[in-house]
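In the order they appear, the protein sequences are chains A and B.
Residue 1 is where the first sequence starts when you use the UniProt record's numbering, and the numbers rise one by one after that.
Residue 1 is where the second sequence starts when you use the UniProt record's numbering, and the numbers rise one by one after that.
If you're looking for bench data, these hints aren't it; they were derived computationally from the structure.
Be careful, since some hints might not be right.
To be verified - Dumping the calculated EDC-like pairs for lysine to aspartate or glutamate here, alpha-carbon to alpha-carbon at most 16 Å:
1) A:Lys-235 / B:Asp-103
2) B:Lys-442 / A:Asp-103
3) A:Lys-442 / A:Glu-470
4) B:Lys-235 / A:Asp-103
5) B:Lys-235 / A:Asp-101
6) A:Lys-235 / B:Glu-22
There are 2 protein chains.
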Amino acid sequence: MSQGLFATLQTLLGAGHVQSSEEAAPYLTDRHGRYVGQVIAAVHPATTEEVAAVVRVCVANDTPIVVQGGNTGLMGGATPDASGRAVLVLLDRLNRVRCVDTDNDTLTVEAGCILHTVQAVARDAGRLFPLSLGAEGSCTIGGNLGTNAGGTAVLRYGNARELSLGLEVVTAQGDIWNGLRGLRKDNTGYDLRDLFIGSEGTLGIITAATLKLFPLPKAQATALLAFDSLAQAVKFLSHARAGFGASLTAFELLSADCLALLREQFPHGPQPFPGASQPWFALLELSDNHSEHHARETFEAVLGSAFELELLADALIAQSLPQSEALWQLRENMSEAQKRAGRNMKYDISVPISQIVAFVAHTDALLQTHFPGVRHFTFGHLGDGNLHYNVAHSLDSTVEAHMANYAALSLLVHDSAHAHGGSISAEHGVGQRKVGLLQRYKSPVELDLMRRIKHALDPNNLLNPGKVVEVPNP
Amino acid sequence: MSQGLFATLQTLLGAGHVQSSEEAAPYLTDRHGRYVGQVIAAVHPATTEEVAAVVRVCVANDTPIVVQGGNTGLMGGATPDASGRAVLVLLDRLNRVRCVDTDNDTLTVEAGCILHTVQAVARDAGRLFPLSLGAEGSCTIGGNLGTNAGGTAVLRYGNARELSLGLEVVTAQGDIWNGLRGLRKDNTGYDLRDLFIGSEGTLGIITAATLKLFPLPKAQATALLAFDSLAQAVKFLSHARAGFGASLTAFELLSADCLALLREQFPHGPQPFPGASQPWFALLELSDNHSEHHARETFEAVLGSAFELELLADALIAQSLPQSEALWQLRENMSEAQKRAGRNMKYDISVPISQIVAFVAHTDALLQTHFPGVRHFTFGHLGDGNLHYNVAHSLDSTVEAHMANYAALSLLVHDSAHAHGGSISAEHGVGQRKVGLLQRYKSPVELDLMRRIKHALDPNNLLNPGKVVEVPNP
Chain A
1 MSQGLFATLQ TLLGAGHVQS SEEAAPYLTD RHGRYVGQVI AAVHPATTEE VAAVVRVCVA
61 NDTPIVVQGG NTGLMGGATP DASGRAVLVL LDRLNRVRCV DTDNDTLTVE AGCILHTVQA
121 VARDAGRLFP LSLGAEGSCT IGGNLGTNAG GTAVLRYGNA RELSLGLEVV TAQGDIWNGL
181 RGLRKDNTGY DLRDLFIGSE GTLGIITAAT LKLFPLPKAQ ATALLAFDSL AQAVKFLSHA
241 RAGFGASLTA FELLSADCLA LLREQFPHGP QPFPGASQPW FALLELSDNH SEHHARETFE
301 AVLGSAFELE LLADALIAQS LPQSEALWQL RENMSEAQKR AGRNMKYDIS VPISQIVAFV
361 AHTDALLQTH FPGVRHFTFG HLGDGNLHYN VAHSLDSTVE AHMANYAALS LLVHDSAHAH
421 GGSISAEHGV GQRKVGLLQR YKSPVELDLM RRIKHALDPN NLLNPGKVVE VPNP
Chain B
1 MSQGLFATLQ TLLGAGHVQS SEEAAPYLTD RHGRYVGQVI AAVHPATTEE VAAVVRVCVA
61 NDTPIVVQGG NTGLMGGATP DASGRAVLVL LDRLNRVRCV DTDNDTLTVE AGCILHTVQA
121 VARDAGRLFP LSLGAEGSCT IGGNLGTNAG GTAVLRYGNA RELSLGLEVV TAQGDIWNGL
181 RGLRKDNTGY DLRDLFIGSE GTLGIITAAT LKLFPLPKAQ ATALLAFDSL AQAVKFLSHA
241 RAGFGASLTA FELLSADCLA LLREQFPHGP QPFPGASQPW FALLELSDNH SEHHARETFE
301 AVLGSAFELE LLADALIAQS LPQSEALWQL RENMSEAQKR AGRNMKYDIS VPISQIVAFV
361 AHTDALLQTH FPGVRHFTFG HLGDGNLHYN VAHSLDSTVE AHMANYAALS LLVHDSAHAH
421 GGSISAEHGV GQRKVGLLQR YKSPVELDLM RRIKHALDPN NLLNPGKVVE VPNP
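Start from the sequences and build out the full structure, keeping to the hints where you can.
Laid out in C-alpha cells, this is it:
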C-alpha cells in the first residue's frame with residue numbers, strides 16, 4: 001500500500017519531488033531535536049492544485065498528512081510521528097509572490113515564501129510588512145500563519161492573524177478554498193480565515209495569503225531604559241502608550257540578570273549601563289511618520305516627562321543607527337546567550353499586563369521555595385504581556401539535575417500563569433509538546449468546541465493528527 | 001407544549017421577565033419594518049447562567065432560539081421568523097460592566113451594554129473605546145460583536161472583531177464557555193473567539209466580552225477635502241496613510257450629489273464649498289497624541305504636500321470644535337437626508353481600494369445603461385474600501401417604479417462588486433436578507449465549510465435558524 005502510495009505521489013509530482021524517509025531526514029527532526037519522525041514520503045508540490053491532489057491521494061489511502069514550512073517551530077507541530085504512516089508536505093516550491101497591490105496596501109504570497117523575502121518584497125514596494133521574529137531568515141509565511149506567529153512588532157501591528165486579510169487553503173477533503181480577499185471589511189459569513197490561522201495544519205493547509213502592508217516609517221528612535229522595579233516598567237509602558245500612541249513599535253523587557261548573562265556570553269558585544277543597580281531594563285522603539293527630527297523630539301518629550309513623573313530610572317538613547325542596532329542586538333542575542341550558558345527551561349507565557357508584576361513576584365518566590373537557587377532569565381514582549389520566563393539551574397547544581405525537575409517546575413510555572421489569567425503558550429503554539437497540557441488548562445467546554453470543529457473539518461483526523469487537540473480515534 | 005415551555009421559562013426567570021408574542025411586539029419587527037416575526041415567548045435573562053438555562057430548556061423542547069441586542073440590525077438577523085416556534089432572548093438586563101483594567105487597557109462588559117455606555121465607561125477611565133457607528137445610542141456591544149460591526153473608525157482601529165480580546169459565550173448545548181481573556185497573545189488552540197464574532201447568533205450566544213482600550217487622543221483635526229476625481233481621492237488616501245500613519249482615524253467619502261442632497265434636505269445645515277464643481281469630497285480626521293499645535297502642524301504639512309503633488313483640489317479645515325462637528329454632521333446626516341428624499345436602494349459593498357475607481361465607473365455606467373436616469377448617492381468608508389453605494393429613482397420616474405426593479409438592479413450591483421474582488425456585505429452582515437445571495441457569491445467549498453461548522457456547533461439548527469447560512473433540515 002505505502003509503496004503504491006509512494007509511486008502514485010511520484011507520478012503526481014514527478015519522481016524528483018518525492019523523497020523517502022531517509023532522504024527527507026532533515027525535515028523529520030524538529031529544531032531542538034526533541035522529536036524525530038518517519039514518513040512514507042516527503043513531497044514537494046509546486047502548486048496549490050498539486051497540494052490538493054496530494055491530499056486527495058492521502059485521504060483515499062487513509063494516510064495522515066503533516067505540513068511543514070521552515071521547520072523552525074518550537075512545539076514539534078511540524079514533525080510527523082514515528083509511526084512512519086504519514087506523508088510530509090513541504091511547501092518550499094510553493095514560493096511565488098502572486099501580487100503586490102500598493103494602492104490596496106496588500107501583498108499576496110504563497111505559503112512557502114520565507115518571511116525575510118516577504119519583508120523584502122514589501123520594502124521594495126515602499127511598504128512595511130511588520131511581522132518580525134528571530135527565525136525570519138528561514139521560517140515561511142505559511143508556517144507563520146499556521147502558528148499565528150508573534151515576534152517583536154505585535155505591540156503595534158498585531159500577530160500574524162491580524163496581519164492577514166485573506167487565505168487560500170486546501171481542505172481535508174482535498175478541495176481548494178479561495179479566500180484570498182484583499183478586503184478590510186467583509187461580513188458575509190463565518191470567519192474561516194482566523195480559524196485556519198493558528199490551527200497548525202490540523203484543519204487545512206494554508207497555501208497562500210493576502211497580507212496587509214503599512215507605510216514605511218520615516219524615522220525610528222531606540223533607547224534602553226532602566227527601571228527601579230518591574231512595576232515602574234509597567235507604569236512607564238502605560239505612559240508611553242499614551243504619549244506615543246501607535247508610534248510605539250517595541251517594548252522589550254530584559255532583566256538585569258539577562259543583561260549580565262549577555263555581558264558574560266558576549267564579552268565583545270554591547271555593554272550598556274555597566275555597574276547599574278536597576279533590576280529591570282527595556283528596549284523601547286518609536287517609529288515616526290514625519291522625520292528624524294520629529295522622532296527625536298517626540299522621544300525626548302515622552303522620556304522627559306517620564307523622568308519627571310519618576311517612571312524611569314535611567315535611559316540610554318541611541319544616537320545613531322549603529323547604536324540602535326547595538327541595543328537591538330542585546331535583545332536578539334538572548335537566545336544564543338542562553339544556549340551558550342547551557343540548557344534551561346523555557347516558558348512562553350502571557351498574562352494581562354496588569355498581572356505581570358504579581359505573576360513574576362509570585363512565580364519567582366514559588367520557584368525559590370521549591371527549587372532553591374534556580375536562576376531566572378525573564379525577558380520578552382512586555383507590551384503584549386508576553387514573557388519568555390526562563391529558568392536556569394542553580395549554580396550549586398547541574399544542568400542535568402535541573403532538567404530532571406522539568407515536569408514539576410513546569411507545573412508550577414504554568415499553574416501560576418493560568419492562575420493569573422494567563423496563557424501557557426503566548427506565541428509558540430501547541431504542537432505535540434503542549435497538547436496534553438490543554439487538558440489541564442482548558443475547560444471541558446472549550447475542548448469540546450475545539451474537537452467539534454476538528455471533527456467537522458477533518459472527520460478522519462488525517463491532518464497533522466496528535467497536534468493542537470487530542471481527538472478520540474474515529 | 002409551547003404553553004408548558006412558557007410556564008417553564010416563567011419559573012426559570014420570574015414571570016415578569018417572560019413576555020408573550022403580543023407583549024414583545026416591538027422586538028418582533030426589524031428596524032426597517034421588512035420582517036415581522038412571532039414567538040412562543042420573549043425572555044429577559046439577567047445572568048449568563050439564566051441564558052444558559054433558557055438554551056437548555058429550549059433545546060430540550062426542540063425550540064429555536066433567536067438572540068437580539070438593540071434591534072438596530074439592517075439584515076433582519078435578529079428577527080424571528082413568522083412560524084411562532086422560536087424563543088426570543090433579549091439581553092437588556094445582562095448589562096453590567098464587569099471590569100475596567102486600565103493597566104491592561106481592557107474593559108469587560110456584558111452583551112446587553114449599549115455601545116454608547118461602553119464608550120462612556122472607557123472615557124471615564126481616561127481611555128478610548130473606538131467602535132463608533134450611527135446606531136451607537138441604542139445598539140448593544142453584544143449585537144456589535146454578533147455582527148462584527150464596522151463604522152467610521154475601522155480605518156485605524158479595526159472592526160468589532162479586532163477590538164475584542166475575549167468572549168463569554170453560551171453554546172448551543174447550553175454550556176458556558178468562559179473565554180474572557182485579557183490577553184494580546186494566546187496561541188493555545190483554535191480561534192473560537194473570532195468564529196463566534198460575526199456569526200450573528202447562529203453558533204452561540206455572546207454574553208460578555210473583554211474589549212481593547214486605547215489612549216484618548218490629545219487633539220483632533222478635521223477637514224473636508226474636494227477632489228477632481230475619485231482616482232485623485234484614492235491617491236490622496238495613500239499619501240495620507242504614509243504621512244499620518246496611525247494618526248489617520250477617518251476618511252469618509254461623499255460624492256458631490258451627496259453634498260447636494262444634504263443641502264437640499266438640510267437647508268439650515270452646514271453648506272461647505274457652495275458652487276464647487278468637484279465631483280468628490282472626503283471628510284478627513286487626524287487624531288494626535290501630542291497637542292493641538294502638533295495636530296495642526298502635521299495636518300497642514302500633509303495637506304500642503306498633497307496640494308503640491310496635485311492630490312487635492314481644495315480643503316476646508318475646521319478651525320474649531322463646532323466647525324469640526326459641523327463637518328462630521330454632513331456625514332452623519334446622510335442616512336436621514338436619503339430617508340427624507342424618499343426610499344432608495346442601499347448597497348453595503350467593499351472592494352480592494354485599488355478597485356474602487358473601476359468599480360464605481362463600471363457600475364455607474366452599467367446602471368445608466370439598464371436603468372437610465374437613476375441617481376447615485378455614493379459615500380462611505382473609502383479608507384476601508386467600503387462604499388454605501390446607494391441608488392435613487394430617476395427624476396423621470398417614481399420611487400415605486402424604481403423599487404420594482406430592486407431584484408434586477410441589485411443583481412447588477414452585487415455582480416459588479418463580486419467581479420471587482422469585493423464583498424456584497426461589508427459591514428451589515430447577512431441575516432435573513434442576504435442569506436440566499438451567498439449561494440451565488442460564495443464558492444461551494446466555502447459554503448460547505450460554513451455548513452460543517454454550523455452543524456458541528458449547533459447540530460439541531462436551533463440557534464437563529466435561517467440566518468447567515470442555509471442548512472438542510474436535520
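Verification of the hints:
1. A:Lys-235 / B:Asp-103: Holds. Lys-235 (chain A) to Asp-103 (chain B) sits at ~8 Å (cutoff 16 Å).
2. B:Lys-442 / A:Asp-103: The hint is violated at about 25 Å.
3. A:Lys-442 / A:Glu-470: 12 Å, holds
4. B:Lys-235 / A:Asp-103: 8 Å, holds
5. B:Lys-235 / A:Asp-101: Holds. Lys-235 (chain B) to Asp-101 (chain A) sits at ~13 Å (cutoff 16 Å).
6. A:Lys-235 / B:Glu-22: 55 Å, violated
Checked against the numbered hints above, the structure violates hints 2, 6; every other hint is satisfied.
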